[in-house]
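If you read the protein sequences in the order shown, they are chains F and W. Note that our numbering gives residue 69 to position 69 of the first sequence, counting from 1, and the numbers run on in steps of one. Note that our numbering gives residue 1118 to position 118 of the second sequence, counting from 1, and the numbers run on in steps of one.
The set of hints was computed from the structure by calculation and includes no laboratory data. C-beta atoms are modelled at their ideal positions from N, C-alpha and C, and glycine is treated no differently. Check each hint, because a few of them may be wrong.
Unchecked claim - Footprint (simulated), chain F over chain W, 3 or more residues, beta carbon under 8 Å:
{"#": "1", "segment": "1104 to 1113"}
{"#": "2", "segment": "1313 to 1322"}
Stated by the list, open to error - Residues of chain F clear of chain W, computed beta-carbon distances all greater than 12 Å:
{"#": "3", "residue": "A38"}
{"#": "4", "residue": "A69"}
{"#": "5", "residue": "R74"}
{"#": "6", "residue": "G101"}
{"#": "7", "residue": "A115"}
{"#": "8", "residue": "L128"}
{"#": "9", "residue": "V151"}
{"#": "10", "residue": "V198"}
{"#": "11", "residue": "V266"}
{"#": "12", "residue": "G324"}
{"#": "13", "residue": "L343"}
{"#": "14", "residue": "W363"}
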Amino acid sequence: MKKIRQKTLALGSAIMLGIMGVANAQEVDLVIVSWGGAYTASQQKAYHEPFMAMNPNVNIINDDSSAEAVSKIRAMSEAKNVTWGLVDAIASQAIQLCEEGLAEPIDHDAVLAPAPDGTPASKDFGDLIVSECFIPNIVYSTTFGYRTDLVKEPPTSINDVFNLEKIPGKRALEKKPIVNLEWALIADGVNPDDVYDVLDTEEGVDRAFAKLDTIKDEVVWWEKGAQTPQLLADGEVVMGSTYNGRLFSVIEEEKQPIAMMWDWQVFDLDGWIVPVGGPHRDLVMEYLNFATDTQRLADQAKYISYGPARKSSAPLVGKHATLGIDMAPHMPTAPANAKNTLLYNYEWWADNQDDLTERFNAWLAQ
Amino acid sequence: MVENVATTDIVKTADGIPLKISLAKAQRRSKIRGMMLVLPLFAFILLTFFVPIFDMLLRSVENHLVPDVLEHTTRELVNWDDRSGELPPEEVFAAAKLDFEKGHSERTILRVGRRLNYEVPGFASLFRKTARRAKNFESPYKEAFIERDKRWGEIDTWRLIKREAGAFTMSYYFSALDLEYSPEGNVNFKDKDSRIYLKLFWRTLSLSALITLLCLTLAYPIAYLLSTLPLRISNLLMILVLLPFWTSLLVRTTSWIALLQQEGVINDLLVGLGLITDDGRLAMIHNAMGTVVAMTHILLPFMVLPLYSVMKTIPPSYMRAAKNLGATPTVAFIRVYFPNTVSGIGAGSILVFIISIGYYITPALVGGTDGTLISNFIAYHMSSSLNWGLAASLGVLLLILVLMLYYLYDRVVGIDNMKFS
């Protein structure tokens, strides 16, 4: 009796193990965290679907938590249970995660594919690799859109954002000091190369706030990238800053009477980081190699108007997948749009963000 | 004889044990059984309520990072007198070199930089700059550090490290109360330009009080109507109160945006009626008014229900008797009806007030700049600035505030007088 029981037990566990083994070979769930909406959709089309077609046993699960990526990874790491394989983050988040030891340093040339002409990945991405843990995907910019039917003459420079006589009406700006202080100083006549030197002084910060003071009553402050397009479409504001891809979709896809004002657009980068202690590391590296090669980055631009981070991808950018329009002129990096651009100083903001955000919030509450 | 009486006096059970003891035993057993029933709830509350609150208390003062990573430096700094007016001795710099080297290879040193950057902006980059090269520093280390960055030659830099060298810190609480250390170590109020949290606490309290008052004024007649109408009609009206209660919070909040915004329904209506001009559209949302209107609507059922349940129990004969005795309807209401509803008012008010003090989603969506509350800043420090210590200390202060108000309420009205249903 006892023997039989032992035998059935052994058989049962063998079957169990067998099932689990088969299940493992069949299905691997890989959690990839990104920003959701149109952005995740473009990654789904350009990266996830072809990768899953090549690896039928891999199932990619999208998680739209990138906005809270740093705090969630920190919490997961404290709980010693990191469930995310790969995370899409903006450069400042990537730098912070790397400095806190929460993201893995990447050997770019060993992990990533070289350009088609053999240029190693680190050269192809160039100085967009702003942190050893960061693999840039796209260049995006924070820039302005305005209602063509609600302004008498179209704004042409950043000065017009601060010019209530030329362009009366509400404008939408992001509810944080980053970018706004730089714009205020440039509009106040500071040489763009000296912006951070000026901001390094107490008087410089005062000067930036004084300039913002001139339009404070006419500003609607946004917190989510989707707000400005909505405010513009509703006619709640006549102009507003947001990410260029959001403006592209409200102009070209929704055909709203809105146009772009690219003057002193502020470039930022978005890309991948690998959380320390995350699952399926080998698979993640395989995915990274595939999803950041020259063709894949160029493919993403078919779905959303953000510039690919590889130099070698630029010539391959084609037409929009459904609208059929040429995407190259809509890239923030296109020469006609990129006459005046600013890449904000990550290091300076890492030092001063806490302090100036406090001052900014106090200023808002006045 | 006497002895005999004493023994027979004690009542015993069948097996010879005194009844008293046997009863106590049986009662203890049933008590334990009763306790076993509440045990899951007790464990649940412990795990989901007390542990997180304790964790929050701990986080608001916890500072292990600095002494753990700057292990040697903080130990050497003990011997340095920060009022001596001189830089720390060479031993401190040598210890710092050790800590920076180790912290760089373990990728922990920049966490300390970010931590100290909360106190004085610039420490993040100072640590970043130094950590990269610390490996190659050679004796004398003091010169090597100062050559890398002249801030290492400033006494205030070392004063800060010495001040934050302990395993616990009060600095998060000081930030949460708009206070800061001067370089000499005194605690002062911040510049007027940077003070924010006291104002926010005040705003949270005053807006919550206003919302409670509005809820009360709106809910009182509704509850009265509900309690006096015939059941057939009052049930129908009750559904009208409960329907929004069951609707998603986000749906209700965003509907208010559609109604109140400048190009929204109400403004369109007012312009259409010619009451305001097209340029003079009212700003009714993304400000304090938006928060008050939307939250009053959302919290209204919390006021209506306790009031209703109290009013339902007041016999109509009371009012009739008062009138019969010669009181005018106003006097009858003030002297007879109203005092009977006080327990409902108390319950509803404390419910609405305490819920609104910690409210988060609605002010975040419709509050703009002057309608956001302290909880929005706690969320900001949790998810954006990642200053969890400050978030925790703001949370603790909010908790203390609520407990104080609760205590006051208990003294004035009495918790036992509350009636929720």
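Against the structure, the hints:
{"no.": "1", "hint": "1104 to 1113", "result": "holds (count 6)"}
{"no.": "2", "hint": "1313 to 1322", "result": "violated (count 0)"}
{"no.": "3", "hint": "A38", "result": "holds (20 Å)"}
{"no.": "4", "hint": "A69", "result": "violated (10 Å)"}
{"no.": "5", "hint": "R74", "result": "violated (7 Å)"}
{"no.": "6", "hint": "G101", "result": "violated (3 Å)"}
{"no.": "7", "hint": "A115", "result": "holds (29 Å)"}
{"no.": "8", "hint": "L128", "result": "holds (19 Å)"}
{"no.": "9", "hint": "V151", "result": "holds (15 Å)"}
{"no.": "10", "hint": "V198", "result": "holds (16 Å)"}
{"no.": "11", "hint": "V266", "result": "holds (18 Å)"}
{"no.": "12", "hint": "G324", "result": "holds (33 Å)"}
{"no.": "13", "hint": "L343", "result": "holds (17 Å)"}
{"no.": "14", "hint": "W363", "result": "violated (7 Å)"}
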